[in-house]
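Undergrad: Residue numbers (our numbering), protein chains in the order written: chain A, 1 to 451; chain B, 452 to 925.
Mixed in with the good hints, there may be bad ones.
As the list claims (entries may be wrong) - Here's a subset of chain B near chain A, in silico, CB distances under 7 Å, partners left out:
| id | residue |
| --- | --- |
| 1 | G799 |
| 2 | S842 |
| 3 | A909 |
Think of the hints as simulated: they come from the structure by calculation, not from any bench. We treat Cβ as the ideally placed atom computed from N, Cα and C, and that holds for glycine.
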Amino acid sequence: MSRRIPFHEQVVTPPEVVERFGDLHPPFDRQAAIPEANRCLFCFDAPCTSACPTHIDVPRFIKKIVSGNLTGSARTILDANILGASCARACPVDVLCEGACVMHRYNKQPIEIARLQRFAMDSFYERGVPLPFEPGADTGFSVALIGAGPASLGCAAELRRRGIRAELYDARPLPGGLNTYGVAEYKLPLVESLREIAMLSQLGVEFHFDAMIDAVALDEIERKCDAIFLGVGLGAIHKLGITGESLPGVTNALDLIAGYKSGQCTGVPLRVVVIGAGNTAIDAAIASVRLGALEVTMVYRRGPEQMSAFSFEYEHARNEGVKFIWHAQPLNIREDHAGLSLELLRLVATEDGSLVAEANSEFFLATDMIVLSIGQSTHTSFLAESGKVAKVRLEHGRIIVDRATGQTTNPKYFAGGDCTNGGREVVDAVADGKRAGIGIAAWLEAQHAKA
Amino acid sequence: MRKLNPTLETTFCGIPCLNPFWLASAPPTNCGEQIMRAFDAGWGGAVWKTIGAPITNVSSRYSSIDWEGRRMMGFNNIELISDRPTETNLQEIAEVKRRYPKHVVIASLMVESKREAWHEMVKRAEGAGADGLELNFGCPHGMSERGMGSAVGQVPEYCEQITSWVKEQARTPVIVKLTPNISDIRISARAAKRGGADALSAINTINSITGIDLDTFQPNPNVDGKSSHGGYCGPAVKPIALNMVQQIQADPTSALPLSGIGGIGSWRDTAEFILLGCATVQVCTAVMHYGYRIVEDMQDGLLAWMSEKGFASVDDFRGLSLANVREWKQLNLNYQIVARIHEDRCIGCQLCYTACWDGAHQCIHLDRTESKRNTTRTPAMVEAEATQRISTTPIPKLDSGSVVHSSAITPLERIPRVDEHHCVGCNLCSLVCPVEDCITMERIENELPFESWEERCAKGMVPPGTEEVVSTNT
Numbered sequence: 001m002s003r004r005i006p007f008h009e010q011v012v013t014p015p016e017v018v019e020r021f022g023d024l025h026p027p028f029d030r031q032a033a034i035p036e037a038n039r040c041l042f043c044f045d046a047p048c049t050s051a052c053p054t055h056i057d058v059p060r061f062i063k064k065i066v067s068g069n070l071t072g073s074a075r076t077i078l079d080a081n082i083l084g085a086s087c088a089r090a091c092p093v094d095v096l097c098e099g100a101c102v103m104h105r106y107n108k109q110p111i112e113i114a115r116l117q118r119f120a121m122d123s124f125y126e127r128g129v130p131l132p133f134e135p136g137a138d139t140g141f142s143v144a145l146i147g148a149g150p151a152s153l154g155c156a157a158e159l160r161r162r163g164i165r166a167e168l169y170d171a172r173p174l175p176g177g178l179n180t181y182g183v184a185e186y187k188l189p190l191v192e193s194l195r196e197i198a199m200l201s202q203l204g205v206e207f208h209f210d211a212m213i214d215a216v217a218l219d220e221i222e223r224k225c226d227a228i229f230l231g232v233g234l235g236a237i238h239k240l241g242i243t244g245e246s247l248p249g250v251t252n253a254l255d256l257i258a259g260y261k262s263g264q265c266t267g268v269p270l271r272v273v274v275i276g277a278g279n280t281a282i283d284a285a286i287a288s289v290r291l292g293a294l295e296v297t298m299v300y301r302r303g304p305e306q307m308s309a310f311s312f313e314y315e316h317a318r319n320e321g322v323k324f325i326w327h328a329q330p331l332n333i334r335e336d337h338a339g340l341s342l343e344l345l346r347l348v349a350t351e352d353g354s355l356v357a358e359a360n361s362e363f364f365l366a367t368d369m370i371v372l373s374i375g376q377s378t379h380t381s382f383l384a385e386s387g388k389v390a391k392v393r394l395e396h397g398r399i400i401v402d403r404a405t406g407q408t409t410n411p412k413y414f415a416g417g418d419c420t421n422g423g424r425e426v427v428d429a430v431a432d433g434k435r436a437g438i439g440i441a442a443w444l445e446a447q448h449a450k451a
Numbered sequence: 452m453r454k455l456n457p458t459l460e461t462t463f464c465g466i467p468c469l470n471p472f473w474l475a476s477a478p479p480t481n482c483g484e485q486i487m488r489a490f491d492a493g494w495g496g497a498v499w500k501t502i503g504a505p506i507t508n509v510s511s512r513y514s515s516i517d518w519e520g521r522r523m524m525g526f527n528n529i530e531l532i533s534d535r536p537t538e539t540n541l542q543e544i545a546e547v548k549r550r551y552p553k554h555v556v557i558a559s560l561m562v563e564s565k566r567e568a569w570h571e572m573v574k575r576a577e578g579a580g581a582d583g584l585e586l587n588f589g590c591p592h593g594m595s596e597r598g599m600g601s602a603v604g605q606v607p608e609y610c611e612q613i614t615s616w617v618k619e620q621a622r623t624p625v626i627v628k629l630t631p632n633i634s635d636i637r638i639s640a641r642a643a644k645r646g647g648a649d650a651l652s653a654i655n656t657i658n659s660i661t662g663i664d665l666d667t668f669q670p671n672p673n674v675d676g677k678s679s680h681g682g683y684c685g686p687a688v689k690p691i692a693l694n695m696v697q698q699i700q701a702d703p704t705s706a707l708p709l710s711g712i713g714g715i716g717s718w719r720d721t722a723e724f725i726l727l728g729c730a731t732v733q734v735c736t737a738v739m740h741y742g743y744r745i746v747e748d749m750q751d752g753l754l755a756w757m758s759e760k761g762f763a764s765v766d767d768f769r770g771l772s773l774a775n776v777r778e779w780k781q782l783n784l785n786y787q788i789v790a791r792i793h794e795d796r797c798i799g800c801q802l803c804y805t806a807c808w809d810g811a812h813q814c815i816h817l818d819r820t821e822s823k824r825n826t827t828r829t830p831a832m833v834e835a836e837a838t839q840r841i842s843t844t845p846i847p848k849l850d851s852g853s854v855v856h857s858s859a860i861t862p863l864e865r866i867p868r869v870d871e872h873h874c875v876g877c878n879l880c881s882l883v884c885p886v887e888d889c890i891t892m893e894r895i896e897n898e899l900p901f902e903s904w905e906e907r908c909a910k911g912m913v914p915p916g917t918e919e920v921v922s923t924n925t
């Protein structure tokens, strides 16, 4: 059941986190937003809209800022992307809308779409007006959504707008998944994610928190509802499989980020090593700097060309003073009187791209904390009781879906987000959820028509 | 090549001018102190803010139209003529002329429509040392309600009568300032000429209401909750002014030395007014916006352009474009141009596409990557297809091997194609295109000789009853 106290009022971000994790991209005020909005050319079939996984009609919401129709601007955003406020802050726009802006092609700055989107959404919140959509007339259908992250929220919004009951189950005490617990606070504060979900709850979404769904519980849910949406994301961060990984000074990026965002961790030791070079690893490294570490080092098996972090994230980490050790493989972790000692081995890339160890190249890195960030495993065990066939078909741990409808190989099951796409962005999860919500409604209607 | 040292010096109906840049009769010429600062900045002349019957002004007085973030694209005022005592103005004219003998000071006058009153005022203004007189027959607000300003300019008989009264007394050149708030400005111009005017100035401001406040429902400028129609000027009115200037100068019964007014703020604007036959120009709004200092580039830019074009003085190009303005019926019906989109410059905004489909002739298409030409796919179909596209955030680790799209290169499918067989050569696509020289209008050599509607009519080649071209230029 939805709780009486709005989600964002149930948490208090520690003042030291608020202070150290200020906005990476400060918001526009009206005086800045309007000239920027005026620069937009109002492209037809705009490339920014195309590049956005949720296809927000970018020129339309921008021109509404110019005309002073701010409610209409927010409605345009929310109509395409119910998490439009989060996405305005968390999206890697350099590779999405802003990367596609035609302005790049004649030596002009791309339109600052993300900041304009945030301006429209902030103005909307400031006015405290209700969500500009009503739930649809009750159809009698009921859908259970496993996980309450961006994919399920995107799906639930579409279902509710079509009069379909949406019940969300999540293992955590608050909704939002990685949007709430996993995005760097200087991009998207935890309370902002929760505020957005509180607004979306106006559509009559029902939440079940602290609800870990196992195979038995899934069977029970399946009996009660007309369709199921799987938006469970990925599982735990991979282990390195070396000795010392269970020492108290060793943690993983997701726990570190969730920890400081939820106020359980307000500081880190002076020396931190982050293993991995993806976007989450960067977030963890920068968080360590902000949380008080004086020496933050990222260790990666390959070189900077192969790192999976976006180049602007790499740039950001370097600007925050993060150091990098390339072509190094962790061998073991030991604890001594001075802290932790990470033994590393130098690797050399061969011509075919494979990595080979450099003989006698072992070296030690002294540190106080080690953060693992080498990718997440999948979370699919609940899809089958032990020994039985999974309810939906998987491939490399990913749930196989029809991309247009989100339907899995089991017609009653739909899925979206990281558990289907291998781990992309919030906006991809919302887009998956949105397509699945529309897909579920169409499937239910077709089933009903047959019956 | 001989190095050309062009000069801006000119004469205006016998008055020697250091340059053709004058300040129009308006707030920038309210007092001697202002005008002397303007002369120091480089203005060659000033038309004093109209001297005449005592008035009282209101507050507020000005309002404006902004456009896409630019302030004051159009400007409106309900301020009346000078609110200072006539004697003060005349003393200051004398002072300015004593200190700046080479600069032009024109006294703008407006008094009640009585012969003696005009004689008296002309005598006093000339006595103060004014180089010429401008008769304000154009002020569209306040004064017109008292039978002055545009109330005179709109009635040709009054215009002619008062001009002739002034000429009975005047020893200096008499300039009549015309109102645009009339169906054909040539009618007032002819009346002024019949009355003996030595010169004209045009245009005065255009009747306007600039806008309504959507919270109070009150128009601007707001005077205690109410407003009144004002006079519109600024960049927005330049095309209207240019047309009226051309109408006057192309009509032998109207044409006189002309001081051009209306939206002028740069040397480019100045050159255009002179090309249509103006001898000097008058500026107000641009100075109210940016100050007297704008005249520096007006001089500098005009001289550079004159050097480049080989003009030694403004007389060398004055009126050059008049021959290029014709009646519609005299235009070449066989001149054919089509739009060409230069792919290497196209940024893929597709503004030309939507403009051609919704605002022109449906001859720009998005079919470059299709196997055959498709002229039946509508914008709505294109938009519907777009909503079906599935896009994802490119993640290097997950998308290895996929083609990385460079934002610096326009994908071929986004570059529109012009169907040249159906293109009517209207220019719209090239006007909406944000990129310079991306869409050019190119002549199609059709081997057809010049032929106008007039000629076709003369040859009996048009259906009966269609010979008369509806035109405002008759």
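Undergrad: Against this structure, judge whether each hint is valid.
TA: Hints, one by one, checked against the model:
no. : hint : in the structure
1   : G799 : holds (5 Å)
2   : S842 : holds (5 Å)
3   : A909 : violated (45 Å)
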